[in-house]
Every structure is written in structure tokens, then in C-alpha cells.
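Asks: Here is what each chain is made of, one letter per residue.
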Amino acid sequence: MKRLLILVTLLAFSTASHAATPADAQAALANAVKVETQAAGLGNRWVPTEAALKAARDAIAKQNWDEALAQAKTADALAQRAVAQSQEQETLWRDAVIR
Amino acid sequence: MSLRSILLAVAALGLIGAGPVPQSGVAAAAADQKAFQAYFHDHFPKLPTAEFGNGPYAVNAEMRKQWEDIMQFPPYDFALDEGKTAFETKFANGKSYADCFADGGIGVRQTYPQFDAKTGEIVTLDLAINRCREANGEKPLAYQTGMMASLTAYMAETSRDKPFDITIPDDPRAIAAYEAGKKYFYTRRGQLNFSCASCHVVAAGQRMRGDILAPAMGILAAFPIYRSDWGSMGTIDRRFTSCSSQMRSEPLKPQDVAYRNLEYFLSYMSNGVPITGPGTRP
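Note that the protein sequences, when read in sequence, are chains A and B.
Residue numbers for the first sequence, in the working numbering: 1 to 99.
Residue numbers for the second sequence, in the working numbering: 1 to 282.
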């Protein structure tokens with residue numbers, strides 16, 4: 001039983017997320033903005049990406065680094081999906097044309 | 001010569017005569033239009049061409065009944081009056097809208113959008129109105145609602161029953177604009193992974209939540225519209241931007257080149273469908 005408690009405690013400590021730092025949040029936001037800029041270049045900015053970017057910036061302004069990091073990562077993931085969608089559609093759209 | 005030889009020779013001549021299917025250009029656009037309209041006539045076999053300008057009311061009997069009741073007092077009448085007055089009012093320099101358009105701007109809606117050979121771009125009616133204003137020292141109007149909707153309502157009303165008559169000149173820039181509009185129409189975008197065609201081709205006539213999806217053929221014939229959902233008049237720009245938002249895609253700016261090209265493509269696909277605007281929609 002004692003061994004089990006020690007193991008659980010160790011696991012809990014090892015998996016606990018560290019609090020985000022300002023540098024983490026700023027870097028994540030910069031990454032997200034970079035991908036979203038690529039999506040914009042493809043004419044495919046998504047509404048929820050823009051919302052997540054705004055939420056990340058707002059969180060940074062409030063020095064809520066954990067929230068900023070989470071929102072920036074969400075924006076990054078959404079923007080990457082938008083870029084992939086545009087790249088796929090570059091050829092796939094032709095399959096939908098009425099012939 | 002055997003019958004078999006004759007048949008082979010005829011078949012060969014037929015193939016030579018048919019030639020390759022054009023990939024782009026004016027002939028390809030005409031072939032697109034033919035296939036596009038055939039698709040909608042196949043899907044709505046009882047619907048005459050003229051009815052496609054009535055959108056959801058052409059394909060749903062319940063909605064049509066409600067529309068007929070609404071049309072006893074059309075909600076766009078105020079805009080129509082305002083637009084007529086504005087159209088007939090002279091600018092500060094003494095000129096008017098009539099000086100900027102063919103036939104004094106009366107009965108010309110069905111010819112827009114047009115390809116402008118001087119600038120190499122597509123000019124919508126709304127853009128032409130603002131260019132007219134600016135050329136005469138007036139400030140441009142906002143594109144989505146208000147006076148722009150009123151002016152285009154009046155101009156559309158003077159074109160009622162005139163069929164869309166959009167031309168694509170044999171100019172690489174016009175063809176590129178048409179192709180760009182076509183690509184925009186069929187390309188999926190936004191978080192919901194929808195294209196314009198997802199709703200207005202594949203699901204045309206079907207219900208999406210409370211709405212009946214209008215067929216793409218003739219879909220712009222009724223614009224500008226009084227939309228109950230908006231509680232006011234709206235232009236084609238307003239509809240394009242709200243469609244984009246509904247797909248969870250960030251809308252482009254009104255009169256963005258992509259939206260103008262899309263309007264060019266859709267209007268050309270609708271050649272032959274009479275103008276019904278201004279219109280009403282739920």
C-alpha cells in the first residue's frame with residue numbers, strides 16, 4: 001500500500017502541467033499568427049481561429065499565461081487545419097464542378 | 001463499301017467533328033453554363049427557367065403561399081421609393097446616375113456584372129454606382145445595406161422580367177475572372193468545410209434548419225432583398241458575407257475581387273433567368 005501511494009504521488013508530480021510563462025504564451029501566439037497569416041494568404045481564415053487569437057491576446061493583456069497558451073495552441077491547430085483544407089481544395093474543387 | 005465500314009467512317013467523322021472538350025475560354029464557359037442549367041432543370045423538372053429567380057419560393061409550396069401573402073404589402077417598398085428618389089436627384093455638380101449608365105441606367109441590371117476592358121476587372125452594379133458617385137465628386141456609399149440597397153432595388157425594379165444577359169468577352173482577363181469565380185463557388189472553406197455548391201447545388205431545395213436552400217441558378221436575380229432575418233434590406237455583398245460567416249469562414253470585404261468574380265460566375269450561370277428584384281426572403 002505504501003509503495004502504491006509513493007507511485008501515485010510520483011506519477012502525479014511527473015504529469016502535472018507546469019504553469020505557462022510569458023515567453024511560452026508569446027511564442028505560442030507568434031506561431032499561431034504565423035500559420036494564420038499563411039491561411040489568410042490562401043483566402044481561408046476561419047472564424048474560430050480569429051476568436052482564439054483574440055482570446056489569446058486578451059489573456060496576455062491580463063497576464064493570464066495559462067489561458068493565453070491554451071488559446072494560442074487552439075488557434076494554431078485551427079489555422080493548420082485551414083491551411084491543409086485550402087491545399088487539399090486546390091485540386092479537389094474540380095471534382096465538384098457540374099459537368 | 002460494307003455497312004460496317006460506313007458506320008466506322010461516320011463514327012470517325014463524328015469524333016473529329018466533336019473535337020476536344022475545351023478546358024477554359026469562352027467555349028468552356030458556355031459548356032459550363034449548359035451543364036449547370038441542365039443540372040437544375042433535371043433536379044426541378046417542373047420548374048420553368050423564369051421561376052428560378054424566385055429562389056426558395058419556387059421549390060417549396062408552403063413558403064410560396066407565405067410569400068404571396070407577404071407580397072400584398074412588399075417589405076421592400078420603402079427602399080424602392082427611396083432608391084427612385086435618390087436615383088433621380090442630381091449630384092452637386094448637376095449630373096446624375098443616369099449620366100453614368102447605358103440607357104440612363106433604366107433596365108440595365110440584367111447586364112451586370114460586366115467585364116471592364118480598360119481595367120481588366122469585373123464591375124458589379126454596386127461598384128459602378130459608387131464609381132459614378134466618386135466621378136461626380138460624391139462620397140461612395142456603404143455596400144451592404146442602406147442607400148446602396150435602395151438604389152439597386154430601384155434599378156433592379158426597372159429590369160424586372162429582363163433575363164440575365166452576362167457576357168464573357170474573349171479576353172484572357174475576363175476568362176481568368178470567370179474561372180476564379182467558378183473556383184470560389186466550388187471550393188470548400190471555413191470550419192464547417194462547406195462550399196457555396198454544398199448548399200446551393202447539392203442540397204438545393206432541401207431544408208437546412210429553418211431555411212429552404214435556394215438553387216444556385218438564378219440565385220442573384222432577386223437582389224437586393226428584404227430579409228426577415230435581417231429586418232432590413234441587403235445587397236449581394238451582405239448575403240455573401242453572411243454566407244461566409246455561416247460557413248465559419250471570415251468574410252471578405254464587400255466588393256473584394258473574389259466576391260465580384262463569384263457574382264460574375266453566378267450571374268453568367270443564370271443567363272436567361274429573369275430579374276425578379278427587389279425581392280424578399282425569410
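Derived from the structure by calculation, the hints contain no laboratory data.
It is possible that part of the hints are untrue.
To be verified - Calculated pairs, BS3-like style, for lysine-lysine (alpha carbon to alpha carbon, straight line, at most 30 angstroms):
no., chain 1, residue 1, chain 2, residue 2
1, B, K139, B, K65
2, B, K84, A, K34
3, B, K253, B, K183
4, B, K65, B, K90
5, B, K95, B, K139
6, B, K253, A, K54
7, A, K62, A, K34
8, A, K73, B, K90
9, B, K65, B, K118
10, B, K90, B, K46
11, A, K34, B, K139
12, B, K139, B, K84
Since this is a predicted model, take the numbers as computed values, not measurements.
Asks: Now tell me if each hint is right for this structure.
Replies: Results for each hint:
1. B:K139 <-> B:K65: 42 angstroms, violated
2. B:K84 <-> A:K34: Distance of about 49 angstroms is beyond 30 angstroms: violated.
3. B:K253 <-> B:K183: 18 angstroms, holds
4. B:K65 <-> B:K90: Distance of about 41 angstroms is beyond 30 angstroms: violated.
5. B:K95 <-> B:K139: 14 angstroms, holds
6. B:K253 <-> A:K54: 20 angstroms, holds
7. A:K62 <-> A:K34: 22 angstroms, holds
8. A:K73 <-> B:K90: 56 angstroms, violated
9. B:K65 <-> B:K118: Roughly 47 angstroms separates the two Cα atoms, so the pair is violated.
10. B:K90 <-> B:K46: Measuring from Cα to Cα gives roughly 46 angstroms; hence the hint is violated.
11. A:K34 <-> B:K139: Violated. K34 of chain A to K139 of chain B sits at ~37 angstroms, over the 30 angstroms cutoff.
12. B:K139 <-> B:K84: Holds, at roughly 19 angstroms.
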